[in-house]
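Chains A and B, in that order, are what the protein sequence lines are. Following our numbering, the numbering of the first sequence begins with 1 at its first residue and continues without gaps. Following our numbering, the numbering of the second sequence begins with 1 at its first residue and continues without gaps.
Keep in mind the hints are simulated off the structure, nothing from the lab. Certain hints may be false.
Straight-line Cα separation of at most 20 Å, SDA-like style, residue types lysine to any residue; simulated pairs [said to hold, decoys possible]:
1) A/K198 x B/V90
2) A/K198 x B/F93
3) A/K198 x B/G99
4) A/K198 x B/L111
5) A/K198 x B/G101
6) A/K135 x A/R70
7) A/K198 x B/L98
8) A/K198 x B/L179
9) B/K149 x B/L179
10) B/K149 x B/G138
11) A/K198 x B/T103
12) B/K45 x B/V100
13) B/K45 x B/T103
14) A/K135 x A/L65
15) A/K198 x A/G183
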Amino acid sequence: MPIPAPLAQVQIRRRDADSCVADNGFCPDWIVDNLDRYGTPFLQHVYLTVAAVAIGFAIAFGLALLAHRRRWLVGPITAATGILYTLPSLAVFFLLQPLTGRGTLTALIALVSYTLLIIFRNVMTGLDNVPTETKDAGRGVGLTDRQLLWRVELPLAVPEILAGVRIAATTTVGLATLAFFAGAGGLGGQIFSDINFKSNVVVGGGLCVALAVALDVIVLSAQRLLTPWQRAR
Amino acid sequence: MTTTLAFLSEFADGIEFIFSSRESNTGGVQVGGSQLLDLLWEHLKLSGVAVVISCLVAVPLALWLGHIGRGELLATSVANVGRAVPTLAVIAFFIAYLGVGFTNVALALVLLAIPPILTNTYVAVRQVDREVVDAARGMGLSAVQVVRKVELPMALPGIFAGIRTSVVNVVATATIAPLGGVITLGDPIINSSVYGDAGRLGASIVVAVLAVGTELVFAGLQRAVTPRGLKLQSGDAPRRRPFAFPKRRIQTSP
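Next comes chain B alone, as it looks inside the complex:
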């Protein structure tokens, strides 16, 4: 019974850290409460920069590869290699070879964010009905118009599935960015000597809520960008997500 109460009080302490600031363990600095907003801003800035850059790189490349129908090996093996290389190793590699700092950590996150976007975009473009593309060509659309007016809109749900995976990964991974000198929400978790146990627990709660919130927002966005014509025939929706179920349309995560 006492152990139950002990962990409840630890959680209460952690939650209090989120809402009210206190003096740090090392003294002199106010941590927690409104200070977390600064960390949150840095966290979102780092994640945002990384995701935007990787979209700018991966989406056009995959659209083009998908359009000309080449580079299947590249598009699929990028995902496999990306999964095999651990996040911590990539960030450590960047720190050891390029040094700490916002740019280097953002670049490391870009490398982590590219594979899901690249693979999902490529698969989505390849799965656009070839007959629809042929019809568009027959109507006299140029290659650029086919990509912009046919392949891109029809692949949009798949592209957003990839972006959503990447965003959630990046937001989660930005937690270890303080190792590279970027003070994100992971700082209280990694430098717990400064913030104390309550700070570590409080920041863990915030990071968890942030990740789930991001997932929910992007799941909504993904639904919003689905062209109405595709929603109507959502009976054969499973092709859009590589591991979704056939027959029924079920959100794989909230």
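Chain A with its partners taken away, still in its complex shape:
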């Protein structure tokens, strides 16, 4: 009994794809057919990263402004955020679980705690690198401390501050791959669900790298927009 030609073709292609999956090869067909299963984890990953960096930036920036006024705070804040930075993320997820349970909140607390040191250190470096002459000139034209901070020091510190944000963002993309241990999903859960299957690992890992690069480019563009005087050069 001859099978109609188009149907036969479909069957052959599917068998090829299946054998590729069965042989655990790198299967473009399987990737195209199953791309939609990476959608939700990817969005979770984006959410975790962006939220963690945004919250971390708010906290670290506030701490840095505080330490800028009261220099003695620099040491203690650096030491405290340094300890948070050293703790392995996997351990932090489970140390927090008795307190905050499983879920996005636990993952976010851990991820935020990693961004603090990076951003704090870079904001401080940026503020400290503002030339004294520039600050004196600002004072000379009659700026108050607050005006000096927001109109002179912070704009000049933008490159260092955003360099910190870039490092924090790419680091967080990597750490968020472990967030599924805390029950917060993300691409790591997708990678882990079939860790022996090459196609899955390549797509999951590739999406992480793509996200890290994309965030890097976005922050770089923001830096160009925020520092027009550097473009003129």
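Given the coordinates of chain A, assemble chain B onto it according to the supplied hints.
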């Protein structure tokens, strides 16, 4: 109030797991207590092998690149790429393509450990005062002698900063090595069906303490290897660490 007590008792249970062994949830095997020493040994062995190999690869390469003043793009982009590729993805990649086992997981960790060492060593060598190097040449030192007697000692604090970053990263990352079949301290965390919730919490505490301890030990080592001549002029120390503060010398982490 009851919730407060509940989490306190969970922590107490986790701490008890560290100090006394118990039967596993699946039965038959003793876990916790002294069994953790085996896991600790495997953890340290895996981390040690990975760090030693990456030092042997990265330090000579970066010393040489720094000495001839080439490969700046390589040295800096290695760090950026290394940061963008997630640990879990690298380990998963190695497991999927090469299979599980000590060697493969150690190799994956080597890839993670190389970037900070390479970049820090390169930067440290490049920041050795050119006039000092010229003076050494003028005294008739050969290229190898310049590297060994001038550039290496002066770059040592920077090199150790890189090694310290890598060691702490590797010790933290070795926690997920059980995914690749190496039974490290991460085993109770990842296979909690065997060890139970107390085991998971207990191992988390041990791993956290181990990471902070490693950081402290290597911060001390970094101070110890700093040549005395450099300590004297530590006023301009910030150049040694890429993101350290100018003016004052502050340890960025304990």
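Right, here's what the structure says about each hint:
With a CA separation close to 12 Å, the supplied pair A/K198 and B/V90 stays within the 20 Å bound. Between A/K198 and B/F93 the alpha-carbon distance is near 7 Å, which keeps this suggested pair within the 20 Å criterion. Taken as a hint, the A/K198 and B/G99 pair is honoured in the structure, with Cα atoms around 11 Å apart against an allowance of 20 Å. The straight-line distance between the Cα atoms of A/K198 and B/L111 is roughly 19 Å, inside the 20 Å bound, and the hint therefore holds.
Between A/K198 and B/G101, the direct Cα distance comes to roughly 17 Å. Compliance with the 20 Å bound is thereby established for this hinted pair. The straight-line distance between the Cα atoms of A/K135 and A/R70 is roughly 18 Å, inside the 20 Å bound, and the hint therefore holds. Between the alpha carbons of A/K198 and B/L98 the distance comes to roughly 10 Å, so the proposed pair stays at or under 20 Å and holds. A threshold of 20 Å between alpha carbons decides the hint, and for A/K198 with B/L179 the separation of about 15 Å falls inside it, so the pair holds.
Restraint check for B/K149 and B/L179: the C-alpha separation of about 44 Å exceeds 20 Å, so the hint is violated. About 14 Å separates the Cα atoms of B/K149 and B/G138, which keeps this hinted pair within 20 Å; it holds. Annotation: proposed proximity of A/K198 to B/T103 holds, straight-line Cα distance about 19 Å (limit 20 Å). Pair hint B/K45 plus B/V100 holds up; C-alpha atoms about 17 Å apart against a cutoff of 20 Å.
Distance hint between B/K45 and B/T103 is fulfilled; the C-alpha atoms sit about 12 Å from each other, no more than 20 Å. Taken as a hint, the A/K135 and A/L65 pair is honoured in the structure, with Cα atoms around 16 Å apart against an allowance of 20 Å. The hinted pair formed by A/K198 and A/G183 fails the criterion: a straight-line CA distance of about 24 Å is larger than 20 Å.
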